[in-house]
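*Asks:* Knowing the structure of chain B, use the given hints to seat chain D on it.
Taken in order, these protein sequences are the chains called B and D. For what it's worth, the working numbering labels the leading residue of the first sequence as 1, then goes sequentially. For what it's worth, the working numbering labels the leading residue of the second sequence as 86, then goes sequentially.
The set of hints was computed from the structure by calculation and includes no laboratory data. It is possible that part of the hints are untrue.
Label pairs and their in silico Cβ distance ranges [as the list claims (entries may be wrong)]:
| hint | chain 1 | residue 1 | chain 2 | residue 2 | range |
| --- | --- | --- | --- | --- | --- |
| 1 | D | Pro-142 | B | Gly-32 | 19 to 29 Å |
| 2 | B | Pro-24 | D | Asp-109 | 52 to 62 Å |
| 3 | D | Gly-209 | B | Thr-27 | 29 to 39 Å |
| 4 | B | Gly-32 | D | Lys-237 | 43 to 53 Å |
| 5 | D | Asn-458 | B | Ala-57 | 53 to 63 Å |
| 6 | D | Arg-212 | B | Pro-60 | 16 to 26 Å |
| 7 | B | Glu-47 | D | Tyr-202 | 50 to 60 Å |
| 8 | B | Ser-82 | D | Tyr-202 | 54 to 64 Å |
| 9 | B | Ser-52 | D | Tyr-202 | 47 to 57 Å |
| 10 | B | Pro-24 | D | Ala-105 | 51 to 61 Å |
Quick reminder that beta carbons are idealized off the backbone N, C-alpha and C, glycines included.
Chain by chain, the residues:
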Amino acid sequence: MSVKEKVIEIIAEQAVLEVSDVTPDSTLEDLGIDSLGLVESIFAIEEAFDISVPFNANEPNESDFDISNVASIISGIEKLVSEQA
Amino acid sequence: MKRVVITGAGTINALGHNVAQTLDAMREGRCGIGALEMRDVDRLAVKIGAQVKGFDPEGLFNRQQMSLFDRFTQFTLIAAREAIAQAGLEFSDELSARSGVVLGNSGGGMTTLDDNYRTVYEDGKNRVHPFVVPKLMNNAAASHVSMEFNLKGPSFTVASACASSNHAMSTAFQMVHGGLAPVMITGGSESMLCFGGVKAWEGLRVMSKDACRPFSANRNGMVQGEGAGIFVFEEYEHAKARGAEILAEVAGFAMTSDASDIVMPSKRGAARAISGAMADAKIAPDTVGYINAHGTGTAANDKTECAAVADVFGQHANNLMISSTKSMHGHLIGGTGAVELLACIMALKDGVIAPTINYEEPDPECALDVVPNEAREAKVDVALSNAFAFGGLNAVLALRSV
Chain B
1 MSVKEKVIEI IAEQAVLEVS DVTPDSTLED LGIDSLGLVE SIFAIEEAFD
51 ISVPFNANEP NESDFDISNV ASIISGIEKL VSEQA
Chain D
86 MKRVVITGAG TINALGHNVA QTLDAMREGR CGIGALEMRD VDRLAVKIGA
136 QVKGFDPEGL FNRQQMSLFD RFTQFTLIAA REAIAQAGLE FSDELSARSG
186 VVLGNSGGGM TTLDDNYRTV YEDGKNRVHP FVVPKLMNNA AASHVSMEFN
236 LKGPSFTVAS ACASSNHAMS TAFQMVHGGL APVMITGGSE SMLCFGGVKA
286 WEGLRVMSKD ACRPFSANRN GMVQGEGAGI FVFEEYEHAK ARGAEILAEV
336 AGFAMTSDAS DIVMPSKRGA ARAISGAMAD AKIAPDTVGY INAHGTGTAA
386 NDKTECAAVA DVFGQHANNL MISSTKSMHG HLIGGTGAVE LLACIMALKD
436 GVIAPTINYE EPDPECALDV VPNEAREAKV DVALSNAFAF GGLNAVLALR
486 SV
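So here's chain B without its partners, still in its complex pose (with noise of 0.2 Å):
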């Protein structure tokens, strides 16, 4: 399985829908995540590919971490997959 849809299976999980309903370019809010659920997907991401997701929910837009859709989402556990590689 590609990180990518590693990673849209595990925000499929968390907003309860089909995979095939998870799009590149879906918010977060457009998926009904809110923001419980999205400190619990970083942690299952983590958890799936051994990384560390520089995320701080007290300042989400601060973060390096982009979360503006899902496939910013994806770029950037790509960048930190490639990295730990």
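*Replies:* Using the frame of chain B, we list chain D on its own:
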């Protein structure tokens, strides 16, 4: 001042998953204490407890709730749902704005703490689930009750060890009594039956390894339980106006502090709480028919408690009944007074006195009518519920039949 009545009750504990099952067990003198089922039980010296068995939270809570609810919160919500359904109340508008939740709890989410300490200390992981804090905080249960039932008035959690529930219910009573809130959801819960929770209690060397035998000369300590007891305390006129069934009246309470020792009880502190509750409720001592004892089954508590009762009631101490239902449901610590209030309600409403089971040998230092081993039918108009906590914090509630 306003009269306060109980219009709903709910529970889950080792004796049953609701009030009816629990009261049946108390009537039958059934014991909820058994072999502990938990991880690493072979490393425990104390291997018994009053665990809630046959409990499956799946289906009772949605996925998000499951990830946010420690076992003590699950117990609380199950009991709250039962109590509020019985009361038949829906909270909206003014009633919602003014009604709240005051619950007793001592350890918070001990299972959550235990599991996550294992993760970081034993398994060496450096990351825990993001909901550890909102799961383990002592007020989690009160907050989730407020959310599920739209209660927007005063809500908080009271921690006074084994007296937490009685302090909470006294506080809730006071709020309704004083006109601050028309309805308060109150009681308490505890779930310390996890490896770390039992291990901590073991350290104190006050736990029995075989049974809880309050007031019996051969008693050898307390036994931990778990669960929740939740009640709807409602202003009398409010309850009457809507034709609600009234289970009992909460007539008064008293709280005292021994100001002497962090673990040893004091006869004087206990006696002041008992007589204070009667004075607050304006009830004559000779009208008290039943006392639900703190009755932990430790040497220290039981003789101190009996001496306090003898001091307060004089000759009448020989006429009243005093039993410890901890012999059946174990010691629920911060939730204990709440589950025990059910025995007071049963005495007042159904005329059935719950027994002290496992009573084997009379103790001259506990020479009261402890309703040994078998429930008894008796008409009772006034009942007291005692709670005397570690730290010397005492709270006694006085209930009257309606």
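*Asks:* Lying within 29 to 39 Å: is that true of the beta-carbon distance Gly-209(D) to Thr-27(B)?
*Replies:* Taking Cβ atoms as reference, Gly-209(D) and Thr-27(B) lie about 37 Å apart, which means the hint holds.
*Asks:* Does the Cβ distance between Ser-82(B) and Tyr-202(D) fall inside 54 to 64 Å?
*Replies:* 34 Å, violated
*Asks:* Confirm or reject the claim that Ser-52(B) and Tyr-202(D) have a C-beta distance inside 47 to 57 Å.
*Replies:* 21 Å, violated
*Asks:* How does the Cβ-Cβ distance of Gly-32(B) and Lys-237(D) compare with 43 to 53 Å: does it lie in that range?
*Replies:* 25 Å, violated
*Asks:* Does the Cβ-Cβ separation between Glu-47(B) and Tyr-202(D) fall within 50 to 60 Å?
*Replies:* For Tyr-202(D) against Glu-47(B), whose Cβ atoms are near 18 Å apart, the range 50 to 60 Å is violated.
*Asks:* Hint says 19 to 29 Å; check whether the CB-CB distance for Pro-142(D) and Gly-32(B) agrees.
*Replies:* Cβ of Pro-142(D) to Cβ of Gly-32(B): about 24 Å, so the range 19 to 29 Å holds.
*Asks:* Measuring from beta carbon to beta carbon, are Pro-24(B) and Asp-109(D) in 52 to 62 Å?
*Replies:* Holds, since Pro-24(B) and Asp-109(D) (Cβ atoms, about 59 Å apart) stay within the stated range.
*Asks:* Okay, Asn-458(D) versus Ala-57(B) on CB: inside 53 to 63 Å?
*Replies:* Since the Cβ atoms of Asn-458(D) and Ala-57(B) sit about 57 Å apart, the hinted range of 53 to 63 Å holds.
*Asks:* May I ask you to test the hint 51 to 61 Å on the CB atoms belonging to Pro-24(B) and Ala-105(D)?
*Replies:* 55 Å, holds
*Asks:* Okay, Arg-212(D) versus Pro-60(B) on CB: inside 16 to 26 Å?
*Replies:* For Pro-60(B) against Arg-212(D), whose Cβ atoms are near 19 Å apart, the range 16 to 26 Å holds.
Hints 4, 7, 8, 9 from the list above are not met by this structure, while the remaining hints are.
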